[in-house]
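S.K.: Chain by chain, the residues:
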Amino acid sequence: MKSHTLSVLVSNRPGVLARVASLFSRRGFNIESLTVGPTLDPDISRMTVVVQVESALALEQIVKQLAKLIEVFKIIELDSSSVDREMMLIKVHAPEQHRSAIIDVVRLFRAHAVDVGSDSMTVEVTGSVDKLRALVELLLPYGIIETATSGHVALIRGARSITDKKRPALVKRS
Amino acid sequence: MEANDNPVMTGAQALIASLEHAGVEVIFGVPGGAILPVYDPLYDSKIRHILVRHEQGAGHAAEGYAQTSGKVGVCMATSGPGATNLVTAIADAFLDSVPIVAITGQVASTSIGTDAFQEADIRGITFPITKHNFLVTRAEDIPTAVKEAFHIASTGRPGPVLVDVTKDAMLGTAPFVWPKQIELPGYKPTTHPHVRQIKEAAKVIEDADRPVLYIGGGVIKAKAAAELAELVEATGIPVVQTLMAQGAFPSSHPLNLGMPGMHGTVAAVGALQRADLLIAIGTRFDDRVTGKLASFAPNAKVIHADVDPAEIGKNRFVDVPIVGDAKPVLADLAKAVSPEKMRDLSGWIHYLEGLKSRYPVGWEADTQGKLSPQQVIKRLGEIVGPDAIYITGVGQHQMWATHFLPHERAGRWASSGGAGTMGFCVPACMGAKVANPDSVVWGIDGDGCFQMTNQEITTCSLNDIPIKIAIMNNNVLGMVRQWQTLFYDQRYSATNLFTDRLPDFPKLAEAMGAHAIRVTKPEEIDAAINEAMSINDRPVVIEFQVMKDAMVWPMVAAGTSNDEIKIARDLAPQWNEEEWV
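Which chain is which? The protein sequence lines are A and B, in order. Following the working numbering, the numbering of the first sequence begins with 1 at its first residue and continues without gaps. Following the working numbering, the numbering of the second sequence begins with 1001 at its first residue and continues without gaps.
Chain B with its partners taken away, still in its complex shape (with noise of 0.2 Å):
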């Protein structure tokens, strides 16, 4: 077409369009000064905007609504405050590899420099937190740049973009061309597994008599549940999945091993350390899963694949390394992989069944007439059942959210790994919901991560967002206070968060237009839930009152092996390893 039959349109206009072509349905925003022109075309257009009540809500959101759906979330700011207000979900983003596209305006490109009024220079502060970003100081340029954005966004190794729009270049005036093709040389992952990697890693995992699939969040993003079960089914490999990765094998399957790590399983930490073979996939060998590096899984080879190369030999050496998405990956695996010639697992299996029926993930029972915040999740996982969506705050509740509940199918969990960002729930619960109108989206969550972002349940009533918000409260920080517990005298140093005494939750919740209930009681328990499940026409807050003592179990404490792993203090478990010989 030439650019003669394309309309003329202002930037703002191109940047709208551009973002429809790019079949965008939500953004999650907040508008301002330079961001302003945008907003006058998007009054007029199918895109759903949700003003959020702070823009941090906005990234957050975003991110739920992608990891919950698979497309690419998107949230919108203007310059300076608005922009800088992002950055804390694009790092979160960033860390966990969740494609969001970030908008924001900025002064004029003729202003940039000058210290002008709300002028940040957000390109260069998302430089190291971005997969990549834009600047865009000409109408012309816009719609290439939100065409690449998803781009990068959505493939390979997904992750944020942002693009950030000069004022002039919203004001100016072009013909609309959506390329029909984009050029980016220097960017073009690989996606297929090389046939001999595979075929190298086939005759490996056959050679192996402890084998143990190390499956990352890289599976769920590649949406390779199904490979992954196949996989599974046809080797009898068992499996641990990280944080990240709950759902992309099933939780009650009996070859899923839990969660490995810090506050991993016992069997999973066992297995890893016990290991001959890791089969690694979607994964980066994250501090938080191996402990002291030096002595992780110590006699294992190790096959790792994964769509980012750089992730590949960064922190472990590799015997098999395979640059792929996990989907071909696991699908070729399942293939090339003959179980017929494969060494017999059975003496394996029954060791690490031993382990998983000996070291379940306990808790201990209520006192201080309080609640025991693990039996409350476990409920709640019973009662709600599998197929919720569940996402989590960060701290004590997000590790017993991953071990109590049902995790049984892809897509239905969001969590802040990486990052660890306080303040991820309820927004990202926000995003999970819109995206998923016809699911039920609990969100558990701290006393602590409820106070840094609750603002958006009034989004949330406002804009018929029904979201259930369970609120984990200890009083404290819980987390950091455990660890104040162990390794720092008992001295509760700014921990105590006073919750007993305010906020008052209920109230708070009732405020902000949603239903709130209070639980204080065991027998509450299931009935608070019951309610909440029966309530559709508006958010619904549970404030359970739990006991501040309560430790995440098992450990194994910051930067030591983990072969150190205890599961209640000074308790370490039997390895009885006699059993698989």
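Here chain A stands alone, though its shape is the one from the complex (with noise of 0.2 Å):
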């Protein structure tokens, strides 16, 4: 299994991810993260799709069906060169003797602590997948009391966009 991220602008009305949802789950496509969220122009989303599929065949087919969608406009693959990101917020038990350590350790990876309390912390942490588990591992020894995750972010690297006309969509004809 080998995980790819696509990009997906789609219309910005009612039922959109509910339709893309019931896509991959009728035709039987595994998605590791799946979010959306508005772009600037305000009938259009962008969604950004990580899945997991055995191969090239595979993933075409999850672009083709995912096109047939009359709401969704346009699809590109993003490589491993692109900026990807992941937010996660992490509790963390943390009494008055650790939280000077637990501090050190969220500076150290950029993080933030974004609430505290007499007890526990929490912290706000943006990055790869990989940043956000050592992070993580880093954190467990104090105890971990719950966490939340936003799902992937991705944009292309440089000045190259979705829109752009040079960059041909997967299956989206003109």
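Simulated from the structure, these hints should not be mistaken for laboratory data. Think of the CB as a built atom: it goes at the ideal place given N, C-alpha and C, for glycine as much as any other residue. Treat the hints with caution; some may be incorrect.
Claimed, not checked - These stretches of chain A come out as covered by chain B in the derived footprint (C-beta under 8 Å, 3 or more residues):
id : segment
1  : 51-59
2  : 62-68
3  : 71-83
4  : 130-137
Combine the two chains into a complex, taking the hints into account.
M.R.: Shown next, in the form of structure tokens:
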């Protein structure tokens, strides 16, 4: 199984997420992560979908089936050179005697403490999956109370964009 | 035009006006609470509404109408159970790419999500079985949704589209504007094939020693029978056509090898397995055609043309993919292929002719004091002729109808292929007859199928829709029983319908206003069919009492290779491959 990241422009209308999710479920495609949010154009949302596939043919089938949805406008695959981030909130057990040690670790990861209580601290960290995993590993000994993860968001590196004419969509035709 | 110049209408009026603008002539439907506002303006409309007895019938009628007219079929139902009763027909249309538009009423937008009376999320329910669907909550959005629905249903790869309209959208008012244009930036089907792909395909065809045209329902949908005939005449390449493609190429033509697949002819299956090139047009390498995929057409290169790019490479690796509508694809191929550059196909054709003549689809003689169902269907085709429209249910009778009826013209055949929906026949006949009032419409149905939707005979009687139904009554769910015979040690679990006892089909048919005939002896077959042909003022139902042990042969057992085809139990054909060398 190999992960691939698809960036998908869709109509910003109610029900589009359900339609995409229904397609993945019905066709038996594995979603690792799916995020959706508005773009600068209020009519268009952007989905970042990380899928796991066995073969290039399976990926092609996912892209083609997605492209058939009327409310899907454009699909590109982002390669490994793209900027790919996840955000995670980690609530860690942080009594006074451990607080400074935790803050040191958090700083090392360029993460932030966004909420501090007498006995706990919530840390916000952004980065690659590996980076998030590494931070979790280091905080585990202190006692992680709960976490929340955003799913991937990703963009092509450099000046090009998904709407760039020079970068043809995978299957949506002109 | 300014909006002010447009008449203010209720959403319900706008919906009917939109359907009129879309060219709708007939709607099959059942009213109910949520859709009720629409039925008021419908009362004054020139659109014919046919009140069916069950919404599933409305859906299949819309399919029968669409498949025999090339137009979009329309069905209508209320919210909740009305809408969910359409689901089977919508799924059927989705798998067979039939252009229908389903209009459903929905509870008021303010009540959505509250489990209101007769509320069902029909848009969510039909996500996976529609080409697209809409939930319309404002009166002013209705015309655009309707126009888009008809456009999406009928273009590219056709399919069902559902428009769910809330009651408050029907009751609200807005100036009526029929949009001049619609904007669907995410929907631009490629219909014209790429020149480079056509050239490449032509080259591959010219280099092939054993080519076969593998024709699917897309050729019927694209109205490309003439283009197909032109290509075959120019190249002499033999044709196999799927269940959905019957009529695309005349069944009487010497180069027509018949249907491929699980119950395909030896010639069609043998041709695909031995071909060095498949030219697949408007077809989708369905498991019922390919058998075990890994051993399907093992030596063949594949040219695959389809208007839906997602079908290309879905099941089988493709050497020359062509995205496009079957009509221009076939026309362009006929122009691009130079017959004089082609290899000599005479040995190949001679070999296939040998298979065809050695292994015609046969039948057992009548025994058990019952009729042979194959003989009945063959005789029916001979007496009625190729100009009639033939429609089937699902099961053994469907396979025999495919093999034994004269399929000479496109658009004269409808059957439930992908979904295999029992109960398709009677309502689909109704839709076909409404679309083609001057044609004879014959349904070949089973006793199991007939009992699922026969109530629409009443609809036909009351609405002057004189269809003709031939029930092959073998007292059992025949196809399922055949599998039990072959693979479940003759343990006939739950396949006996006891239709030798109940119902009394002629009485049932007469109670629904049809003329009814019962046939029990071979010498009565012709007279009964001729009697049915002479009656045109009401539906006719003939019950043929046929033997329950008749089996559909040839057969490729599910999940096995096409090479394992049997022409009778434990009897494989002799391939005599040395004949083509």
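S.K.: Honestly, which of those hints from before does the structure not fit?
M.R.: 1 and 4
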